[in-house]
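Letter 41 of the sequence shown, counting from 1, is numbered 41 in the working numbering, and no numbers are missing.
In case anyone wonders, no lab produced these hints; they're calculated from the structure.
One should not assume that every hint holds.
[Unchecked claim] Derived Cβ-Cβ restraints for the label pairs, each shown as a range:
hint	residue 1	residue 2	range
1	Gln158	Leu7	31 to 37 Å
2	Gln57	Glu170	42 to 48 Å
3	Asn53	Asp135	38 to 44 Å
4	Pro76	Asn5	36 to 42 Å
5	Thr136	Phe49	47 to 53 Å
6	Met1	Lys194	19 to 25 Å
7	Lys125	Arg200	45 to 51 Å
8	Gln44	Met1	21 to 27 Å
9	Glu190	Leu51	35 to 41 Å
10	Asp135	Ala39	50 to 56 Å
11	Lys186	Gln158	32 to 38 Å
12	Ser75	Asn133	41 to 47 Å
13	Lys186	Leu17	22 to 28 Å
Remember, it's a predicted structure, so these values are computed and weren't measured experimentally.
Heads up, the beta-carbon is just placed ideally off N, CA and C, and yes, glycines get one too.
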Amino acid sequence: MLRENSLYWNYYITNYLKGEKPVAFDLLHWNSDNTNVPASCHNQMLRQFYLENKLSQPNGIEIDGVGIDLAKVKSPTFFLSAIEDHIALWKGTFKGTDLLSGQNTFVLAESGHIAGPMNHADSTKYGYWTNENVDTDADTWLEKADKHTGSWWGHWQQWLDARNFSQKIEARVLEGELDAPGNYVKQRIEDVLKTQEESRHVA
Numbered sequence: 001m002l003r004e005n006s007l008y009w010n011y012y013i014t015n016y017l018k019g020e021k022p023v024a025f026d027l028l029h030w031n032s033d034n035t036n037v038p039a040s041c042h043n044q045m046l047r048q049f050y051l052e053n054k055l056s057q058p059n060g061i062e063i064d065g066v067g068i069d070l071a072k073v074k075s076p077t078f079f080l081s082a083i084e085d086h087i088a089l090w091k092g093t094f095k096g097t098d099l100l101s102g103q104n105t106f107v108l109a110e111s112g113h114i115a116g117p118m119n120h121a122d123s124t125k126y127g128y129w130t131n132e133n134v135d136t137d138a139d140t141w142l143e144k145a146d147k148h149t150g151s152w153w154g155h156w157q158q159w160l161d162a163r164n165f166s167q168k169i170e171a172r173v174l175e176g177e178l179d180a181p182g183n184y185v186k187q188r189i190e191d192v193l194k195t196q197e198e199s200r201h202v203a
């Protein structure tokens, strides 16, 4: 309901009221793949991470008795946000660079929550902004940022290569293993339900 006109009501009208089939859209298909997080974990994440913002507080969240302090993170960090993201607002995520003690790189992609990050490496549909100076506020950062055409993925690859000091090696060949991503992605929900139904009859 954060963008109810474009993300809710239009589908309610065309699909439910008019009975029209949804237009094929790869991003929405990907978006409908639920994570099935356990309810207790989901509730804890929403309350502590979002409502109370405890991860930003030193030792605000504990795991197995160990408090998390983001200021102790000194490794280089790559932040990516999308300028039209209505869920993780980019000016809010930009503040995350203040929480970590390492060298922080912030990149701002065009488009929204899904299309911005998923912009293919060969695509020129959306661009991105870069500015090495994160010791400022979000508006000033964007005002002085450089605009680039094409996907942010190439910039990320350069960032990774500049920090990869180990020699590249060939990927391992796993004997007896299925090729990634595995057989489960080929399963159809109809087949799974049929198998479950047959199991119930046998029982």
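Range hint 35 to 41 Å (beta carbons of Glu190 and Leu51) holds or violated: 39 Å, holds
Cβ separation of Gln158 and Leu7, checked against the hinted range 31 to 37 Å: 34 Å, holds
45 to 51 Å was suggested as the range; check whether the CB atoms of Lys125 and Arg200 agree with it. 48 Å, holds
Between Gln44 and Met1, does the beta-carbon spacing fit 21 to 27 Å? Hint holds: Cβ distance 23 Å, inside 21 to 27 Å.
Given the range 19 to 25 Å, decide if the beta-carbon distance of Met1 to Lys194 lies inside it. 36 Å, violated
Hint check for Asn133 and Ser75 - Cβ pair distance inside 41 to 47 Å: At roughly 20 Å between Cβ atoms, Asn133 and Ser75 fall outside 41 to 47 Å, so the hint is violated.
Are Asp135 and Ala39 spaced within 50 to 56 Å by their CB atoms? 41 Å, violated
Per the hint of 32 to 38 Å, is the separation of the Cβ atoms of Lys186 and Gln158 within bounds? Between Lys186 and Gln158, where Cβ atoms are some 35 Å apart, the hint holds.
Can the suggested window of 22 to 28 Å be confirmed for the beta-carbon pair Lys186 and Leu17? Violated, at about 35 Å.
Between Pro76 and Asn5, is the Cβ distance one that fits in 36 to 42 Å? 40 Å, holds
Look at the Cβ atoms of Gln57 and Glu170 and judge whether their distance stays inside 42 to 48 Å. 44 Å, holds
Given the hint of 47 to 53 Å, check if Thr136 and Phe49 actually sit that far apart at their C-beta atoms. 26 Å, violated
Checked against the numbered hints above, the structure violates hints 3, 5, 6, 10, 12, 13; every other hint is satisfied.
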